[in-house]
Amino acid sequence: MYLSIEGIHKSFNTKNKGKLKVLDNINLDIEQGDFVSIVGPSGCGKSTLLYLIAGLEKSDTGSITVSGKKVKNPGPDRVVVFQEDGLFPWLTVLDNVTYGLKLKGLSKKEIKEKAIDVLKMVHLSNYIDSYPHQLSGGMKQRVSIARALVMEPDILLMDEPFSALDEQTRMVLHKELLEIWRKTKVTIFFVTHNIREAVQLSEKVVVFATRPGRIKEIIPVPSTKDGIMPDSVTLYTEQKILKILQEEIEKVLKEEMGDDYSFETNHIHRDHSGDLGSNI
Amino acid sequence: MRRIIFIAIIAVIWEVTSRISGLPDFMFPSLTQVFATLFNGLVEGQIAVAILTSMKRIAIGFVIAILLGVTFGYLIWRYKLVEDTLGFIVTALQSIPSIVWFPLAIIWFGLNDFAILFIVTIGATWTMTISATSGFKNVPSLYQQVAKTFGSSGFHFIKTVIIPASIPQLLSGLRIAWAFSWRALMAGELLGGGGGLGELLETGRSLGQMDLVISVMIIIAVIGTIMDRVVFIRLEKSVQTKWGIS
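Just so you know, the sequences run in chain order A and B.
Quick note: the first sequence, position 244, residue 244 per my numbering, numbers continuous.
Whatever position you read off the second sequence (first residue = 1), add 280 for my numbering.
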């Protein structure tokens with residue numbers, strides 16, 4: 001297995017509740033070149049798992065290996081794209097993108113060529129001398145994707161990278177990300193709470209249960225060779241995942257709002273657009 | 281424009297009151313007299329030399345204070361032990377006006393340049409320490425995580441993330457530190473002598489030359505304003521525009 005997660009347990013110390021178990025016996029294998037999404041209710045530990053893979057957090061037990069090497073510290077083979085762009089405001093777009101490359105000890109010319117190539121890939125080659133604050137939210141997130149890609153990582157870890165963006169920008173970036181993935185064949189580990197996003201982008205959706213976080217089910221996303229999927233298929237998969245998640249969401253809501261609250265009967269999030277009148 | 285008119289009005293009131301007050305010139309000199317002294321002092325060198333002496337002192341003291349402050353700030357940020365010990369007393373030390381150290385400084389170093397340098401340095405060190413500490417502590421963890429995943433660590437991490445990310449706070453720290461050491465310098469020179477603007481004030485008093493005293497006061501105010509408005513505020517502004525803050 002390329003990325004192999006074995007028996008991961010993780011708890012955090014909290015002030016009020018004592019030890020809080022976040023991840024409970026996570027086992028997951030990911031092949032090279034896979035695009036895997038993790039969905040789950042908020043607080044289910046999906047981001048924590050990503051941080052563990054990145055090496056930014058340490059697990060209590062269990063191990064994570066990437067192509068045979070055990071993950072101990074953060075490193076440029078597992079680059080993270082965070083929810084907020086995390087660009088350094090004191091550096092230009094070009095300097096932000098070359099930040100990690102300079103640490104790799106390449107020649108100056110090589111660094112610049114690579115950076116410009118990758119900025120072309122995210123359609124930002126006209127903005128290399130701009131500062132981050134001069135860019136829009138979507139552009140900033142593209143720079144941070146470029147900054148990660150230029151490192152040619154083994155695994156690209158994405159922690160809800162598009163959730164702070166508006167709908168149109170997100171759609172554009174979905175398309176770009178898929179293009180990049182097909183071009184580079186990088187392994188992508190994508191954390192999101194957006195089921196539609198997960199189904200549209202990835203090949204495999206890992207559904208998380210919550211408190212403590214466990215893997216509830218792994219749903220393969222059917223895909224055609226050209227990558228264009230009929231809406232009915234994606235909708236079907238989406239609803240399948242939503243159904244699995246519903247129970248988990250209810251668990252969270254009951255904890256927050258009391259036992260008499262029922263998500264099922266209130267139907268706030270039900271998406272009926274999938275029926276398209278088939279029940280008439 | 282408003283400022284110019286305001287200053288002009290003050291100048292006129294000053295000139296008129298000094299002429300009709302009936303006080304002798306040496307006690308309440310007129311504006312014209314002060315300007316004459318100021319001009320002579322600058323041309324003949326008495327005031328010019330004093331400015332140079334003071335500026336040299338503050339430059340040395342200020343630089344030492346900044347280096348010390350940033351180093352202490354780093355240690356407090358980096359090591360919990362230092363935070364619990366040094367970090368704890370820094371606030372107390374900062375609340376001591378630096379001139380209060382002067383008696384000690386005279387006993388330790390004698391009534392000389394060292395004593396003055398000492399209080400100039402100590403006046404700015406603690407406030408710079410506090411600014412640097414909070415600057416380092418407030419570096420967003422996002423930047424730190426980004427840098428770490430790209431393989432940055434050790435000195436490179438400090439140089440490329442911690443320092444640049446805390447520049448805005450370090451700059452405002454510099455500005456406050458400068459104000460503190462400038463005040464300390466004047467107080468120190470006034471008491472300790474050894475040339476400089478502060479001593480010139482004392483000379484003016486003992487010779488009964490209030491025109492000289494007021495001239496020096498004007499110089500002190502002008503240098504203070506220039507440093508604050510021109511140097512520090514400009515630096516802050518340029519960082520703010522580059523970062524896109526406000």
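Keep in mind that the hints were calculated from the coordinates and are not lab data.
Take these hints with a grain of salt, some might be off.
Think about it this way: if two alpha-carbon atoms lie no more than 20 Å apart in a straight line, the pair counts; the simulated SDA-like pairs of lysine to any residue are [unchecked claim]:
no.: 1; chain 1: B; residue 1: Lys522; chain 2: A; residue 2: Lys108
no.: 2; chain 1: B; residue 1: Lys439; chain 2: A; residue 2: Trp90
no.: 3; chain 1: A; residue 1: Lys102; chain 2: B; residue 2: Ile442
no.: 4; chain 1: A; residue 1: Lys102; chain 2: B; residue 2: Lys517
no.: 5; chain 1: A; residue 1: Lys104; chain 2: B; residue 2: Arg485
no.: 6; chain 1: A; residue 1: Lys114; chain 2: A; residue 2: Lys70
no.: 7; chain 1: A; residue 1: Lys104; chain 2: B; residue 2: Lys517
no.: 8; chain 1: A; residue 1: Lys70; chain 2: B; residue 2: Gly431
no.: 9; chain 1: B; residue 1: Lys439; chain 2: A; residue 2: Arg182
no.: 10; chain 1: B; residue 1: Lys517; chain 2: A; residue 2: Lys120
no.: 11; chain 1: A; residue 1: Lys108; chain 2: B; residue 2: Lys517
no.: 12; chain 1: A; residue 1: Lys102; chain 2: B; residue 2: Ile443
no.: 13; chain 1: A; residue 1: Lys104; chain 2: B; residue 2: Lys439
no.: 14; chain 1: A; residue 1: Lys58; chain 2: B; residue 2: Lys517
no.: 15; chain 1: A; residue 1: Lys102; chain 2: B; residue 2: Phe437
no.: 16; chain 1: B; residue 1: Lys428; chain 2: A; residue 2: Lys120
no.: 17; chain 1: A; residue 1: Lys114; chain 2: B; residue 2: Lys439
no.: 18; chain 1: A; residue 1: Lys15; chain 2: A; residue 2: Glu31
All values derive from a computational prediction rather than experimental measurement.
Evaluated hints:
1. Using a Cα cut-off of 20 Å, the hinted pair lysine 522(B) and lysine 108(A) is violated, with the two alpha carbons roughly 25 Å apart.
2. Restraint check for lysine 439(B) and tryptophan 90(A): satisfied, since their Cα atoms lie roughly 13 Å apart, inside the 20 Å limit.
3. Between lysine 102(A) and isoleucine 442(B) the alpha-carbon distance is near 18 Å, which keeps this suggested pair within the 20 Å criterion.
4. Restraint check for lysine 102(A) and lysine 517(B): the C-alpha separation of about 29 Å exceeds 20 Å, so the hint is violated.
5. Between lysine 104(A) and arginine 485(B) the alpha-carbon distance is near 66 Å, which puts this suggested pair outside the 20 Å criterion.
6. Annotation: proposed proximity of lysine 114(A) to lysine 70(A) is violated, straight-line Cα distance about 28 Å (limit 20 Å).
7. For the hint pairing lysine 104(A) with lysine 517(B), the CA-to-CA distance comes to about 34 Å; that exceeds 20 Å, so the pair is violated.
8. Taken as a hint, the lysine 70(A) and glycine 431(B) pair is honoured in the structure, with Cα atoms around 16 Å apart against an allowance of 20 Å.
9. Between lysine 439(B) and arginine 182(A), the direct Cα distance comes to roughly 37 Å. Violation of the 20 Å bound is thereby established for this hinted pair.
10. Restraint check: the Cα-Cα separation between lysine 517(B) and lysine 120(A) comes to about 33 Å, which exceeds 20 Å; the hinted pair is violated.
11. For the proposed pair lysine 108(A) and lysine 517(B), the alpha carbon gap of about 32 Å is over 20 Å, so the pair is violated.
12. At roughly 18 Å between alpha-carbon atoms, lysine 102(A) and isoleucine 443(B) fall within 20 Å of each other, so this suggested pair holds.
13. A threshold of 20 Å between alpha carbons decides the hint, and for lysine 104(A) with lysine 439(B) the separation of about 17 Å falls inside it, so the pair holds.
14. With a C-alpha separation of about 41 Å, the suggested pair lysine 58(A) and lysine 517(B) falls outside the 20 Å cut-off, and the hint is violated.
15. Only pairs whose Cα atoms come within 20 Å are accepted, and lysine 102(A) paired with phenylalanine 437(B) is accepted, the gap being roughly 13 Å.
16. With a CA separation close to 26 Å, the supplied pair lysine 428(B) and lysine 120(A) exceeds the 20 Å bound.
17. The straight-line distance between the Cα atoms of lysine 114(A) and lysine 439(B) is roughly 24 Å, outside the 20 Å bound, and the hint therefore fails.
18. Of the supplied pair hints, the one linking lysine 15(A) and glutamate 31(A) is violated, its CA atoms being roughly 39 Å apart against a limit of 20 Å.
Consistency with the previously given hints fails for numbers 1, 4, 5, 6, 7, 9, 10, 11, 14, 16, 17 and 18, ordered from lowest to highest.
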